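Colleague: Now for the letters of each chain:
2 protein chains.
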Amino acid sequence: MGSRLVVVGGNAGAMGTAAQALRADPSLEVIAFERGGWTSSAACGIPFFVGGEIDSLDSLVARTPEEHRRRGIDVRLRHEVTAVDLDRRVLEARDLENARTYETGFDQLVLGTGARPLRPPLPGIDAAFVHGVQTLDDAEVLFRKAENQDCRRVVVVGGGYIGLEMAEAFKRWGASVIVVEAGDQVMRSLDPEMAAFVSEAMERIGIEVRLGTHVNGFDDHRVIVEGGDLPADLVVLGLGVTPNSELARDTGIELGARNAIKVDRRQQTSAAGVWSAGDCCESYHLVSERGVHIALGTVANRQARVAGLNIGGGRAEFPGVIGTAITRVCETEIGRTGLSEPEATEAGFDFESARIISTNHAGYYPDARPIVVKLIVERATRRLLGGQIVGGGPGVAKRIDVVATAIWNRMTAEELVNLDLSYAPPFSPVWDPVQTAARQLL
Amino acid sequence: MGSRLVVVGGNAGAMGTAAQALRADPSLEVIAFERGGWTSSAACGIPFFVGGEIDSLDSLVARTPEEHRRRGIDVRLRHEVTAVDLDRRVLEARDLENARTYETGFDQLVLGTGARPLRPPLPGIDAAFVHGVQTLDDAEVLFRKAENQDCRRVVVVGGGYIGLEMAEAFKRWGASVIVVEAGDQVMRSLDPEMAAFVSEAMERIGIEVRLGTHVNGFDDHRVIVEGGDLPADLVVLGLGVTPNSELARDTGIELGARNAIKVDRRQQTSAAGVWSAGDCCESYHLVSERGVHIALGTVANRQARVAGLNIGGGRAEFPGVIGTAITRVCETEIGRTGLSEPEATEAGFDFESARIISTNHAGYYPDARPIVVKLIVERATRRLLGGQIVGGGPGVAKRIDVVATAIWNRMTAEELVNLDLSYAPPFSPVWDPVQTAARQLL
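Quick mapping for you: the protein sequence lines, in order, are chains A and B.
Counted from 1, the first sequence has number 34 at position 34 by this note's numbering; the numbering is strictly sequential.
Counted from 1, the second sequence has number 6 at position 6 by this note's numbering; the numbering is strictly sequential.
Keep in mind that the hints are not guaranteed to be accurate.
Remember, identical chains collapse to one label, so a pair may be satisfied in a single copy or spanning two.
Unchecked claim - Once the Cα atoms are required to be at most 20 Å apart in a straight line, the calculated SDA-like pairs of lysine to any residue come out as:
#1 Lys-171 to Pro-366
#2 Lys-171 to Pro-426
#3 Lys-262 to Arg-94
#4 Lys-262 to Glu-226
#5 Lys-171 to Gly-252
#6 Lys-171 to Glu-29
#7 Lys-171 to Gly-320
#8 Lys-171 to Gly-51
#9 Lys-171 to Leu-211
#10 Lys-262 to Gly-37
#11 Lys-171 to Arg-63
Because the hints were derived from the structure by calculation, they are not lab data.
Just so you know, these numbers come straight off a predicted model, no measurement behind them.
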């Protein structure tokens with residue numbers, strides 16, 4: 001038996017690292033501690049399960065504890081790691097079911113503790129009808145409520161990705177859904193005028209959007225807001241997440257943006273032999289050139305691959321992120337990458353932007369639908385800084401990947417115009433909408 | 001009135017150049033000679049019009065002669081340019097309707113003469129039931145035949161893009177369709193095993209594919225092939241196109257790959273002040289680093305933009321192409337970019353490839369369909385050389401654009417794996433299929 005790797009966490013960041021490390025070095029002894037009862041679950045699928053689009057909760061489990069064990073990982077469910085002693089290379093784990101605590105030694109350690117939904121300290125926030133969206137246990141509870149005919153009035157607090165997806169999920173069951181957002185737009189990662197298209201799409205399918213509305217608390221199936229309380233059978237919190245980095249902090253490991261665990265390009269923390277990957281961990285933003293906290297499955301998987309390769313004796317680097325993300329509101333798809341205008345300002349760029357309306361495919365081909373594309377470039381260099389797409393028709397949002405790849409490679413608007421992108425009438429106008437936006441910038 | 005620009009041709013290459021030049025320099029006097037009766041028609045839409053998906057032929061006209069005239073271009077339809085005298089800066093035009101010939105002077109000239117379907121000199125190829133697919137007149141004739149209940153047996157000669165699209169068009173009308181291909185695969189721009197998925201998709205919708213079958217001629221509603229003639233009410237030729245470069249050749253202008261008109265990066269031909277853009281014209285392939293002839297609307301439009309900017313006094317360069325193309329057979333989408341294996345061999349690369357099967361979106365999300373992705377890298381540098389995608393689900397083929405953008409930027413497989421692409425369960429697995437293929441190469 002080789003050296004011992006201990007991973008803390010049971011999802012993509014932790015288990016992905018463990019699996020990759022074991023592939024790279026099969027002599028490793030690997031132990032995984034997971035506080036909950038699941039491993040490798042696809043939390044991003046929860047809104048679609050709650051909405052009734054996905055039949056079985058089991059299908060959201062990419063790999064069960066049993067499957068991990070068959071691959072040689074000693075998975076210990078319902079175990080919480082409560083302390084780490086870096087000098088002694090020992091951690092303290094608490095077996096939650098048997099209420100006992102014991103020590104385990106390690107040679108290398110992975111912190112893949114994930115993130116949790118933000119729960120601001122509002123009166124009544126711990127009431128039973130106020131739910132976060134995180135684990136498959138949450139998914140099951142929310143699905144039961146959604147299909148229950150008593151759950152007719154749903155209030156979603158927060159207009160980000162999860163908020164929108166959960167709003168649509170309950171709308172699918174015919175509930176009356178109100179999204180309450182403290183800011184003056186939904187989807188704060190979009191520019192305001194692009195977010196307005198999203199709000200319109202929500203209103204079109206009957207989801208009420210209340211912007212600039214602060215929630216002051218929760219009380220007896222009511223959400224307390226200015227201008228009249230909202231009755232609610234159920235409240236879903238979609239206020240974003242915060243990294244579970246307390247264990248790292250208490251161990252003396254350095255934290256970065258939004259208290260996410262700081263790592264180098266090899267995913268190593270400030271402590272030698274301690275690695276981190278996934279939602280608990282910071283990323284480097286290649287455009288703003290700053291540390292950011294982006295809790296996404298794609299990022300977690302890529303970080304885990306790099307961490308695992310390094311633990312297994314290889315040498316790999318994770319270059320960073322550019323904030324690419326997509327979602328949808330029914331038929332309206334939404335994609336974004338790079339910096340929004342406020343983010344570009346914040347990062348100190350002098351920029352210009354262009355916004356065009358095109359169609360998802362050739363205008364003369366049936367069912368052509370409007371698609372809005374916005375591109376942001378640095379004024380002096382014309383280098384692309386960001387892109388946003390909102391529109392109808394399948395495959396629209398995934399086009400943001402071309403902009404992402406262009407930004408990743410520091411292309412200019414002129415270079416994007418000349419790029420050899422694909423075209424056929426059922427798929428695109430002859431000038432891809434992304435290129436039409438780039439032409440606008442010339 | 002400024003200097004005179006004469007353009008030969010009425011489609012994307014010619015009229016796109018004219019329009020762009022006029023925008024850049026409104027003092028230009030612009031005359032356009034077009035042999036046929038249409039301008040700026042979307043030939044790529046013809047199969048979808050013939051298949052009954054597009055209602056009106058007019059919708060395939062991006063800009064009518066009248067619209068061009070209103071923008072200041074003197075469009076002369078049914079005029080053929082028969083000779084160019086570079087020394088005297090004069091050309092000879094024949095007014096086909098009035099059977100008269102006259103001379104017109106020019107300061108700058110654009111050859112945007114397009115391409116025509118290949119018609120090999122087979123016995124009977126000029127019979128009335130044997131059709132090429134090129135102009136909107138062809139489209140109208142083919143549509144009338146398609147909707148005619150007498151046209152039940154259709155033979156398509158050639159298994160390329162147009163052949164496949166026309167086969168599907170007639171299949172939509174319930175005709176019995178046979179595609180006859182001399183080579184041992186359809187879609188010669190794909191590798192054989194990828195093309196096999198396309199053949200299977202064709203067979204699934206009831207199109208018969210006969211590979212390795214040479215056509216020896218046409219006779220009294222029969223296609224003469226080895227092993228038994230095929231009865232046919234209609235034959236569609238899908239054998240590719242050849243550039244209309246005779247006028248250029250006769251003028252002493254240099255030709256390049258497959259007799260396409262040679263141009264520099266500014267789209268200027270070997271003769272000063274004579275420019276070319278579109279299907280008649282050569283392109284530079286950025287991966288093989290050779291001249292190629294690729295007759296596609298996207299390339300024509302980009303070349304025309306560059307030619308027009310230069311004619312109008314600016315300075316623009318067209319960097320080249322990488323052979324990106326997409327099409328579909330019913331629900332099966334097909335995309336390719338860069339070099340195929342035979343092309344990589346031909347270009348002298350030592351390469352490796354990987355092929356993976358993934359799904360169009362998260363496996364647990366409803367209606368996940370298989371998608372096959374193949375990537376080719378240079379062995380020593382791991383630089384991406386080519387990519388191919390075949391699969392089901394809307395938006396699958398357009399994903400080739402990410403590979404195209406990666407190849408354009410000379411990315412390696414490792415860089416592609418780390419790229420920040422978008423993900424949400426209705427749109428993609430957490431590892432985009434393109435990245436799964438890249439991982440296979442590591």
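Colleague: Now tell me if each hint is right for this structure.
Modeller: Here is what the structure says about each hint:
1. Lys-171 to Pro-366: This pair counts as between: shortest inter-copy Cα distance 18 Å, intra-copy 28 Å.
2. Lys-171 to Pro-426: For Lys-171 and Pro-426, the Cα distance is within 20 Å only across copies (17 Å; inside one copy 31 Å).
3. Lys-262 to Arg-94: neither (26 Å within a copy, 74 Å between copies)
4. Lys-262 to Glu-226: neither (39 Å within a copy, 70 Å between copies)
5. Lys-171 to Gly-252: neither (45 Å within a copy, 69 Å between copies)
6. Lys-171 to Glu-29: neither (47 Å within a copy, 60 Å between copies)
7. Lys-171 to Gly-320: Intra 36 Å, inter 49 Å, cutoff 20 Å: neither.
8. Lys-171 to Gly-51: within (8 Å within a copy, 38 Å between copies)
9. Lys-171 to Leu-211: Answer is within: at 19 Å inside a copy they meet the 20 Å cutoff, but 52 Å across does not.
10. Lys-262 to Gly-37: neither (27 Å within a copy, 67 Å between copies)
11. Lys-171 to Arg-63: Neither way: Lys-171 and Arg-63 sit 30 Å apart in one copy and 44 Å across, limit 20 Å.
Checked against the numbered hints above, the structure violates hints 3, 4, 5, 6, 7, 10 and 11; every other hint is satisfied.
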